[in-house]
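Trainee: Model the placement of chain B on the given structure of chain A, informed by the hints.
For the protein sequence lines, the chains are A and B, in the order given. In this text, residue positions in the first sequence follow the working numbering: the first is 267, and each later residue adds one. In this text, residue positions in the second sequence follow the working numbering: the first is 267, and each later residue adds one.
Just so you know, not all the hints are guaranteed correct.
Copies of the same chain are indistinguishable here, so a pair counts whether it falls within one copy or spans any two.
[To be verified] Restricting the straight-line Cα-Cα distance to at most 25 Å, the calculated cross-link-like pairs of lysine to aspartate or glutamate (DMTMM-like) are:
(1) K331 with D579
(2) K582 with D491
(3) K582 with D489
(4) K582 with D486
(5) K331 with E586
(6) K516 with D549
(7) K516 with D541
(8) K505 with D491
(9) K582 with D634
(10) K516 with D634
(11) K331 with D314
Calculated from the structure, these hints are not laboratory results. Since this is a predicted model, take the numbers as computed values, not measurements.
Protein chains: 2
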Amino acid sequence: MSELNDLDASTLAAGVRTGTIRVVDIAEAVIRRIEQRQPEIQAFAYFDADLVRDRAKLLDAVPRKGPLHGVPIGIKDVIHTFDMPTTHNSPRYANSHTRIDAACVDTLRAAGALIVGKTVTTEFAATLRGGATRNPRRPQHTPGGSSSGSAAGVADNQMTLALGTQTGGSTIRPASFCGVFGWKPTWGAISREGLKMSSTTLDTLGIYARSAADLALLADVYDIDAATGTLPQSLAGLKVGICRTPLWDKAGEATQTAMQETASLLRNAGVTVCDIVMPAEFDTLHQSHRFIARREGRASFLNEYRTTPSLHDDFKATVENRAGTSPGQVRQAYRHADLCRALWEDIAAAYDFVITPSAAGEAPFGLDSTGDASFNSIWTLLHVPVVNVPGLTGPTGLPVGISVTTRRYEDRRAIAAAGLVSSLFAVRGAMAAE
Amino acid sequence: MSELNDLDASTLAAGVRTGTIRVVDIAEAVIRRIEQRQPEIQAFAYFDADLVRDRAKLLDAVPRKGPLHGVPIGIKDVIHTFDMPTTHNSPRYANSHTRIDAACVDTLRAAGALIVGKTVTTEFAATLRGGATRNPRRPQHTPGGSSSGSAAGVADNQMTLALGTQTGGSTIRPASFCGVFGWKPTWGAISREGLKMSSTTLDTLGIYARSAADLALLADVYDIDAATGTLPQSLAGLKVGICRTPLWDKAGEATQTAMQETASLLRNAGVTVCDIVMPAEFDTLHQSHRFIARREGRASFLNEYRTTPSLHDDFKATVENRAGTSPGQVRQAYRHADLCRALWEDIAAAYDFVITPSAAGEAPFGLDSTGDASFNSIWTLLHVPVVNVPGLTGPTGLPVGISVTTRRYEDRRAIAAAGLVSSLFAVRGAMAAE
Numbered sequence: 267m268s269e270l271n272d273l274d275a276s277t278l279a280a281g282v283r284t285g286t287i288r289v290v291d292i293a294e295a296v297i298r299r300i301e302q303r304q305p306e307i308q309a310f311a312y313f314d315a316d317l318v319r320d321r322a323k324l325l326d327a328v329p330r331k332g333p334l335h336g337v338p339i340g341i342k343d344v345i346h347t348f349d350m351p352t353t354h355n356s357p358r359y360a361n362s363h364t365r366i367d368a369a370c371v372d373t374l375r376a377a378g379a380l381i382v383g384k385t386v387t388t389e390f391a392a393t394l395r396g397g398a399t400r401n402p403r404r405p406q407h408t409p410g411g412s413s414s415g416s417a418a419g420v421a422d423n424q425m426t427l428a429l430g431t432q433t434g435g436s437t438i439r440p441a442s443f444c445g446v447f448g449w450k451p452t453w454g455a456i457s458r459e460g461l462k463m464s465s466t467t468l469d470t471l472g473i474y475a476r477s478a479a480d481l482a483l484l485a486d487v488y489d490i491d492a493a494t495g496t497l498p499q500s501l502a503g504l505k506v507g508i509c510r511t512p513l514w515d516k517a518g519e520a521t522q523t524a525m526q527e528t529a530s531l532l533r534n535a536g537v538t539v540c541d542i543v544m545p546a547e548f549d550t551l552h553q554s555h556r557f558i559a560r561r562e563g564r565a566s567f568l569n570e571y572r573t574t575p576s577l578h579d580d581f582k583a584t585v586e587n588r589a590g591t592s593p594g595q596v597r598q599a600y601r602h603a604d605l606c607r608a609l610w611e612d613i614a615a616a617y618d619f620v621i622t623p624s625a626a627g628e629a630p631f632g633l634d635s636t637g638d639a640s641f642n643s644i645w646t647l648l649h650v651p652v653v654n655v656p657g658l659t660g661p662t663g664l665p666v667g668i669s670v671t672t673r674r675y676e677d678r679r680a681i682a683a684a685g686l687v688s689s690l691f692a693v694r695g696a697m698a699a700e
Numbered sequence: 267m268s269e270l271n272d273l274d275a276s277t278l279a280a281g282v283r284t285g286t287i288r289v290v291d292i293a294e295a296v297i298r299r300i301e302q303r304q305p306e307i308q309a310f311a312y313f314d315a316d317l318v319r320d321r322a323k324l325l326d327a328v329p330r331k332g333p334l335h336g337v338p339i340g341i342k343d344v345i346h347t348f349d350m351p352t353t354h355n356s357p358r359y360a361n362s363h364t365r366i367d368a369a370c371v372d373t374l375r376a377a378g379a380l381i382v383g384k385t386v387t388t389e390f391a392a393t394l395r396g397g398a399t400r401n402p403r404r405p406q407h408t409p410g411g412s413s414s415g416s417a418a419g420v421a422d423n424q425m426t427l428a429l430g431t432q433t434g435g436s437t438i439r440p441a442s443f444c445g446v447f448g449w450k451p452t453w454g455a456i457s458r459e460g461l462k463m464s465s466t467t468l469d470t471l472g473i474y475a476r477s478a479a480d481l482a483l484l485a486d487v488y489d490i491d492a493a494t495g496t497l498p499q500s501l502a503g504l505k506v507g508i509c510r511t512p513l514w515d516k517a518g519e520a521t522q523t524a525m526q527e528t529a530s531l532l533r534n535a536g537v538t539v540c541d542i543v544m545p546a547e548f549d550t551l552h553q554s555h556r557f558i559a560r561r562e563g564r565a566s567f568l569n570e571y572r573t574t575p576s577l578h579d580d581f582k583a584t585v586e587n588r589a590g591t592s593p594g595q596v597r598q599a600y601r602h603a604d605l606c607r608a609l610w611e612d613i614a615a616a617y618d619f620v621i622t623p624s625a626a627g628e629a630p631f632g633l634d635s636t637g638d639a640s641f642n643s644i645w646t647l648l649h650v651p652v653v654n655v656p657g658l659t660g661p662t663g664l665p666v667g668i669s670v671t672t673r674r675y676e677d678r679r680a681i682a683a684a685g686l687v688s689s690l691f692a693v694r695g696a697m698a699a700e
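Isolated chain A, as found in the complex (with noise of 0.2 Å):
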């Protein structure tokens, strides 16, 4: 039988309405299983039991807040919570308590959420070097970064939805290679106040749940525009693109049969499914990602050289530009982003969906670093939603997503699509095991 902390966000918030489920006996549930896995799996950097607790009891006493009362909500250890310590996982900021919420945990609480704690980042969100956090599908593997404790926690059902935050691929590849959806919104949908910064032109929040029903919920909450036309309702008659992007070639055997695969379902689905070459000027549009987040990140880290000698070099390098990269350098990346942001979406008018890699296979051995985020960081700077969608494994057992896009603004066919193809993936699950 379920407990509390296995079930979705629709199913607790329903539970709580109707008097059936009280928040502190959801408390509980999450509290045992954080105990219980919190020595191995490391996905909190601050948890306190007993402050979970309070709130719960808060949250039974008062009238019902909104659509996520009482269900239980990591928060990134990058975004502020008044009410608990945000430490960047940097030294600076290892005391570090700010009596403020960033916007969107005050929208979270306004709903009703039960924030249960911190969860692991890699240092201000901005390196692959690796967190604590162990992978709980393979405990010597990466969940992948930087927003590693968020995805390890929801994928082990230490919390039902937690908040990330992505500038290249932190959201979609932790999603990825620990099996749970990920969804990162369009650029400019979700107020990114009260986050540590990287890069004005790419950072976003990211959001981490196990359906695409919670992914929907949460796009209530946030108040995402409503989608133009109907959203799909079934597969048959969809039209679909298949976009392997000109970085194919970074695909290891994991992604290349995922890709495969998801294609091979959508046709068997009555989808007529089509492969997008993307034009030549994306061939070195991660290479202008590179520049745009290298110059911002400049602008971003600059307060912490000023202020702290012994700043990781990883960031002492960018303040200091060892790169050399030069404004006209910028300038040009922007006005690459912008034209393969205008070609893109002329692209993507004509499907219904288009799929893409989250990552470029299973998540790697170690905990050295979190993995590649090729895949991600063109979608990134094309500001476009991504959703990642898991059901599918690589050749030693690991999760792999897929990732779903469409235009900007258009997050709520994003999370319907990743629903639809997430259930295909499941029929296909349950017919192998059979």
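Mentor: Same frame as chain A, now just chain B:
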């Protein structure tokens, strides 16, 4: 004889460095001025003389921290400061005191700045509804907004420098109305972490000073890129564009005269002056600014809307999308902005710098509205640096600024040009006075 509060940052910092000026004496001069002027001008939302005295004593006691050691700086009340409240001119935040410095304040403190207080903003820096601040040049008139207190405070020698923000024209318009230098940096060049956000595409920090040399000092502090090529040392031989923009019919007599006078002074100084007629694509760019500001504002103020029933109807209208802005309109606005950025960059590349209006005219009478941002919003959307140059006056004797702009990441060129133009205005003023 000048008081210490009348001097510029470079002079103060040099005096502190050589031991001829004590920070406590700077502090006392500023405190005297503020206490004398606050009842009428109301530049400050928060001012604690003892806190300023304590910081000044500390700065006298420690080794020199950097190029702003002891320089009094005001901080707009939408920017977080660990030792002072941040209230956003919003009832919800009336008692809000977050224990954090925004990145831009952190960098100032690392350079030795003496933070003197929080300056008045319109609510969330996102309305035209007037704050309490009066224009120090003529107190029945608005100082402009939303960075009202920062512009007025610098103009009135209550502080040497100040930070503001800009989403439409919130830095440049008040600089023009109050007769001080204002600098809106290239989008992305200075961190926005720790600022109240309104629009991720549009928000930037803003900076006030009484000399171009002080802006250059802050360009050092904020690690702004060295200009490509050498900075102009004199005007003779330069090529300057005069851009009246497609909104020229909004320019009143004061602004029309200021633009003519500037062109004429530049010609007399040996500059090749060329009129720039923007291509037709720019005719509706201010409308795209509005679509983007509305959609991103909807995301930015969602948490206030969900938590604060008494929120002003201005913000409710934005979050409820009463204007009915569609995702398609927003996508089109982004594309329009992207296209115009590329077009403008090619146009601007042909000139050493470009002159354009800072405001429609002199500061309007009354405190009900902070005035019209029409002449600022397209530059904000284009992401280029803009520097307001004071020194001209309108028919009623109030200041009328003109703006200098360049390509992105050429802020140092814009600042140097502003200094040269300012010298022209000063010579003309001296001759007119004879």
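Trainee: All hints are to be evaluated individually against the structure, with a verdict given for each.
Mentor: Status of each hint after checking the structure:
1. K331 with D579: between (45 Å within a copy, 22 Å between copies)
2. K582 with D491: between (40 Å within a copy, 16 Å between copies)
3. K582 with D489: Answer is between; shortest inter-copy Cα gap is 13 Å, intra-copy 38 Å.
4. K582 with D486: Answer is between: at 17 Å across copies they meet the 25 Å cutoff, but 40 Å inside does not.
5. K331 with E586: between (47 Å within a copy, 19 Å between copies)
6. K516 with D549: Classified as within; 13 Å inside a copy, 45 Å across copies.
7. K516 with D541: Within. Shortest intra-copy distance 18 Å satisfies the 25 Å Cα cut-off; inter-copy 51 Å does not.
8. K505 with D491: within (22 Å within a copy, 47 Å between copies)
9. K582 with D634: within (20 Å within a copy, 47 Å between copies)
10. K516 with D634: within (20 Å within a copy, 60 Å between copies)
11. K331 with D314: within (23 Å within a copy, 38 Å between copies)
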